[in-house]
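Colleague: Okay, here's what each chain looks like letter by letter:
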Amino acid sequence: MFTHIWKKEIQGELYTWKSMLWLVIASLLFSFTSYLLLTNAELSLLDQTELMWLLGKIVIGVALLIVTIDASSILNTEFEKETAESLFLAPISISDFILGKLFASLALWAAIFIVSIPYILVTSTGSHLALAFLGYVALLGTLGVLGLIFLIFGISLLYRSSKNTITTALIILLAFATPALFASNLKNDIVSQAFSAANPIDNIFSSLDNVLVDYKTSLLENWQFLLPLVLFCLITFAFLFWSARRFEKKGVIKND
Amino acid sequence: MPDIISVENLSKSYGSTKAVDGLNLHIRKGEFFGFLGPNGAGKTTTIRMLTGILKPDHGKIAIDGRPSEDKQQIAKVIGVIPESRGFYEWMTAVEYLGFFADLYGIAGKEKDDRIASLLSEVDLTKRKDSQIGTYSRGMRQRLGLARALINNPQVLFLDEPTLGLDPQGQEDIQLLLKKLNVKGVTIFLSSHLLNEVSNLCSRIGIINNGKLVAEGTVDELREKTKLNKDKTLTDIFLNLTRNNP
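Same order as they appear, the protein sequences are chains A and B. Sequential numbering of the first sequence, starting at 1, is according to our numbering. Sequential numbering of the second sequence, starting at 1, is according to our numbering.
The following block holds chain A by itself, in its conformation from the complex:
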């Protein structure tokens, strides 16, 4: 049943000027970054793996930001435009609703990833790590995006307001992203290290670093970064599950 909702979302959300604009913005950012990395006199002195690492961070960072903005409204739009009542009068469950929307948000991530492939390939031309780089951007990006969507959908079902959801989601994204951009010598105390070990964005960047700079390409060699990411997904999924149960209990119309 969720496939019908997914199809509707793809038609109504992805094939729209808004989504196309996001993809154009993403490709412009990737073009600008790749151009700078390959032609700027100082940046081109960097090792190729470092260039790839920088591009990987930008691809995933941009994807997380775009998916956060898009996912914050994809559920809420049904409540705000008063289409939720008609939708839930049909024989669909809350899981159908969430799964349909989830796959639509993942489709946006997939589109951004596909747009980034040529840039990834150009930046990694001649490197034996090209395929590993592509694979890890796909894997780490999917885990990060998935966890974030679970979290945002959970918040959406609580608030049922795009404005409140997007504000909360961007604050959370910033809270994760800002420390991840700090240099490692600024994270010497226990609290910073613990936060860094649990922070999904830190783990995404560290895993890319591990693959590209330390040449540790197998999944086993990256378990210490992948495990917190999987845990992040599980925790946010549990939150979404709780939020969906609460939504079911309260009913589609929030007026109490």
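These are computed hints drawn from the structure, not numbers from a lab. Hints may contain errors.
As the list claims (entries may be wrong) - Computed list of lysine-lysine pairs in DSBU-like fashion (alpha-carbon distance at most 30 Å, straight line):
(1) K111(B) x K249(A)
(2) K55(B) x K18(A)
(3) K7(A) x K179(B)
(4) K55(B) x K254(A)
(5) K76(B) x K254(A)
(6) K81(A) x K111(B)
(7) K81(A) x K18(A)
(8) K18(B) x K71(B)
As the list claims (entries may be wrong) - Some chain A residues near chain B, calculated using beta-carbon distances under 7 Å:
(9) I10
(10) G12
(11) E13
(12) L21
(13) E82
(14) G251
(15) I253
(16) K254
Here the structure is a predicted model, which means the values were calculated and not measured. All C-beta atoms in this analysis are idealised placements derived from N, C-alpha and C, irrespective of residue type, glycine included.
Given chain A's structure and the hints, the job is docking chain B onto it.
Modeller: This is chain B only, laid out in the frame that chain A set:
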């Protein structure tokens, strides 16, 4: 005739306000039931509980013998024009009805035939390929009715279906509802248009402050209020709602 809608001691509160308070209703198969009440009396809350959109605090609901917990099965036998009238503005009428047909598991030729026949019934065939965003209020109301009928429902719940329509639009919808009722569809109509209710409904329930204050045919209600024969449903309604604050 067996009851198709059965409601026992239904209650719902919003904070300290009792929206519906111990409501009992029994509606027989094929009946055209009018549900009246002043603003805020609990009509929409009742319809939302009956259609599974809102969970009751207390009480039992059964639609066609199925308990309200069996939401998925109930959804297959009911059609609803809800109070909130949102549409996917970017869809055409055909895409919109097609989407809902998909949700009800109606596919292939059956889906195409049903969409074509519903669009013709609600007189939207000429505009079937236009985006809903370009529709007038009346056209949206008619499209909403077509959506409510996509699954050939046995029971139709209508929350102010002619709200905001011109007299021609009101009459078109009323004629369509009469036809459906003749075909055996049970109709639960909530409306503020007392003339509409009086013309269409075989039995009427009046709710005030969440409580059912009277139930019966227009004559039975007149008898209950001890009003003269020349008094209209409006007089009966005002008498009942003012005397039951």
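Colleague: Work down the list of hints and note, for each, if the structure agrees.
Modeller: Structure-based check of each hint:
no., hint, verdict
1, K111(B) x K249(A), "33 Å, violated"
2, K55(B) x K18(A), "36 Å, violated"
3, K7(A) x K179(B), "35 Å, violated"
4, K55(B) x K254(A), "11 Å, holds"
5, K76(B) x K254(A), "24 Å, holds"
6, K81(A) x K111(B), "26 Å, holds"
7, K81(A) x K18(A), "17 Å, holds"
8, K18(B) x K71(B), "24 Å, holds"
9, I10, "12 Å, violated"
10, G12, "6 Å, holds"
11, E13, "10 Å, violated"
12, L21, "16 Å, violated"
13, E82, "3 Å, holds"
14, G251, "4 Å, holds"
15, I253, "6 Å, holds"
16, K254, "10 Å, violated"
Going through the hint list in order, the structure does not satisfy hints 1, 2, 3, 9, 11, 12 and 16.
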